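Place chains B, C, D and E on chain A using the hints.
If you want the building blocks of each chain, they are given just below.
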Amino acid sequence: MLLAKVIGTVVSTRKEKSMEGLKFLLLRQVDLDGKESGGHIVAADAVGAGFGEMVLYATGSSARQTVMTDKRPCDAVVMAIVDNWEVDGEIKYKKGESD
Amino acid sequence: MLLAKVIGTVVSTRKEKSMEGLKFLLLRQVDLDGKESGGHIVAADAVGAGFGEMVLYATGSSARQTVMTDKRPCDAVVMAIVDNWEVDGEIKYKKGESD
Amino acid sequence: MLLAKVIGTVVSTRKEKSMEGLKFLLLRQVDLDGKESGGHIVAADAVGAGFGEMVLYATGSSARQTVMTDKRPCDAVVMAIVDNWEVDGEIKYKKGESD
Amino acid sequence: MLLAKVIGTVVSTRKEKSMEGLKFLLLRQVDLDGKESGGHIVAADAVGAGFGEMVLYATGSSARQTVMTDKRPCDAVVMAIVDNWEVDGEIKYKKGESD
Amino acid sequence: MLLAKVIGTVVSTRKEKSMEGLKFLLLRQVDLDGKESGGHIVAADAVGAGFGEMVLYATGSSARQTVMTDKRPCDAVVMAIVDNWEVDGEIKYKKGESD
Numbered sequence: 002m003l004l005a006k007v008i009g010t011v012v013s014t015r016k017e018k019s020m021e022g023l024k025f026l027l028l029r030q031v032d033l034d035g036k037e038s039g040g041h042i043v044a045a046d047a048v049g050a051g052f053g054e055m056v057l058y059a060t061g062s063s064a065r066q067t068v069m070t071d072k073r074p075c076d077a078v079v080m081a082i083v084d085n086w087e088v089d090g091e092i093k094y095k096k097g098e099s100d
Numbered sequence: 002m003l004l005a006k007v008i009g010t011v012v013s014t015r016k017e018k019s020m021e022g023l024k025f026l027l028l029r030q031v032d033l034d035g036k037e038s039g040g041h042i043v044a045a046d047a048v049g050a051g052f053g054e055m056v057l058y059a060t061g062s063s064a065r066q067t068v069m070t071d072k073r074p075c076d077a078v079v080m081a082i083v084d085n086w087e088v089d090g091e092i093k094y095k096k097g098e099s100d
Numbered sequence: 002m003l004l005a006k007v008i009g010t011v012v013s014t015r016k017e018k019s020m021e022g023l024k025f026l027l028l029r030q031v032d033l034d035g036k037e038s039g040g041h042i043v044a045a046d047a048v049g050a051g052f053g054e055m056v057l058y059a060t061g062s063s064a065r066q067t068v069m070t071d072k073r074p075c076d077a078v079v080m081a082i083v084d085n086w087e088v089d090g091e092i093k094y095k096k097g098e099s100d
Numbered sequence: 002m003l004l005a006k007v008i009g010t011v012v013s014t015r016k017e018k019s020m021e022g023l024k025f026l027l028l029r030q031v032d033l034d035g036k037e038s039g040g041h042i043v044a045a046d047a048v049g050a051g052f053g054e055m056v057l058y059a060t061g062s063s064a065r066q067t068v069m070t071d072k073r074p075c076d077a078v079v080m081a082i083v084d085n086w087e088v089d090g091e092i093k094y095k096k097g098e099s100d
Numbered sequence: 002m003l004l005a006k007v008i009g010t011v012v013s014t015r016k017e018k019s020m021e022g023l024k025f026l027l028l029r030q031v032d033l034d035g036k037e038s039g040g041h042i043v044a045a046d047a048v049g050a051g052f053g054e055m056v057l058y059a060t061g062s063s064a065r066q067t068v069m070t071d072k073r074p075c076d077a078v079v080m081a082i083v084d085n086w087e088v089d090g091e092i093k094y095k096k097g098e099s100d
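Residue numbers (this note's numbering), protein chains in the order written: chain A, 2 to 100; chain B, 2 to 100; chain C, 2 to 100; chain D, 2 to 100; chain E, 2 to 100.
The hints are simulated quantities; they were obtained by calculation from the structure and are not laboratory data. Keep in mind that a hint or two might mislead.
Which copy? The list can't say, so a pair holds if one copy fits it or any two copies do.
EDC-like, lysine to aspartate or glutamate: derived pairs with alpha carbons at most 16 Å apart [to be verified]:
no.	residue 1	residue 2
1	K18	E98
2	K96	D71
3	K18	D71
4	K95	D32
In this text, all values refer to a predicted model and were calculated from it rather than measured experimentally.
This is chain A alone, in the form it adopts within the complex (with noise of 0.2 Å):
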């Protein structure tokens, strides 16, 4: 899994019957320290996660073990929302402050 940032949303209408009811979350991928950086991707949300939340999803057939994506052509999920993390014993992120 990797930790991303929800950074927006992604509409569309037209789309496989299978992917209706799904939410299109639109992340970018956060470094140790929680600052975005690297790439971008569109993730199927399965819990819930806001703007601005840390959030852990993964990706390829394992992002269809989920109720919401099972056979499903979705190739990225939201499984988990971030409390916090730490490196090396240090408290790297921690949910509610400097958001």
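The following block gives chains B, C, D and E in isolation, referenced to the frame of chain A:
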């Protein structure tokens, strides 16, 4: 899924039998402002996407989760045509504007 | 799928039993003008592609969705020989010309 | 599989139900000398790896081939703790030395 | 599949139970001339490859399509030892020469 623009088509007469009837779209990834950047990829079309449209495509085994691509040697599929997307609360792309 | 050119072959006598009878093609990715660029990859041949031909190849589990590669440890397959492609309405490659 | 070092942990209370009970390790890839380099990734822990340990992790659908990750939206798993590795006949990393 | 050279081995005693008995080879990708370049990866050995040999390895779910790796958290497998390869009609690597 990744955001991309339909920039062309690929024609092939000699191909895996199961791929007959599939339309191959040539896509190029776009940045958050909708400008072409990054690599190109060839994807099967599952939604009737047209030239110049912004789309979402899925890769890997997820690309086979449509009626058109099921059990075929296809590793990328256009599964949604994008109406618009927003980043940090600002509309960055809207279909019909500045295409 | 990705566009590539057949630049050579790889020979192996000692290999996974299930791989016997498969031809290994050496491919190099091409840019939108058909010039070799980017990385090389080895793919099984499912369509009888020849040296110098432009092809499409699929990777991952999709590479096993052909009769020749089913249930084999093969993660890339040439599944189409390209006749031509166009970008922005212009033919960029046509088989038989400037090969 | 890739060689990586456990550099931290990620905590999430709001996540896909099936992910409960899994420990998320923050990994950073290492070069052949064991020095941190390259990207970071978050992987589920299947072997009880501790902070600072060198591990092997698997990605994609292979990351779901453990009892702990089966059928879960998990695309990376630590499946081995590394004792040592050698390159060109020379021990480059040995657990317990120069950690 | 990708061309690589066996440059070493990785030893692990504490690992996923299903991984017992598998040999972990340390590989480094090679360029078309057979020179080491690009990244390193750890792959299970399905063909008895030895130090210094040129091999082909497969990744992802395809890496589990061997008797030795079936249903195991293994995402890369050496499935062929290379005898030779040619590029543009010229032998670029031949086993036993200039190893």
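Each hint tested on the structure:
1. When the C-alpha separation of K18 and E98 is checked against a cutoff of 16 Å, the pair qualifies neither within a copy, at 40 Å, nor between copies, at 26 Å.
2. In this homomeric assembly, K96 and D71 never come within 16 Å of each other (Cα to Cα): the closest approach is 29 Å inside a single copy and 29 Å across copies.
3. Taking identical chains as interchangeable, the C-alpha atoms of K18 and D71 lie at most 16 Å apart whether they share a chain (13 Å) or sit on different chains (15 Å).
4. For the homomeric pair K95 and D32, the shortest alpha-carbon distance inside one copy (14 Å) is at most 16 Å, but the shortest distance between copies (29 Å) is not.
Hints 1, 2, counting from the list given before, are not met by this structure.
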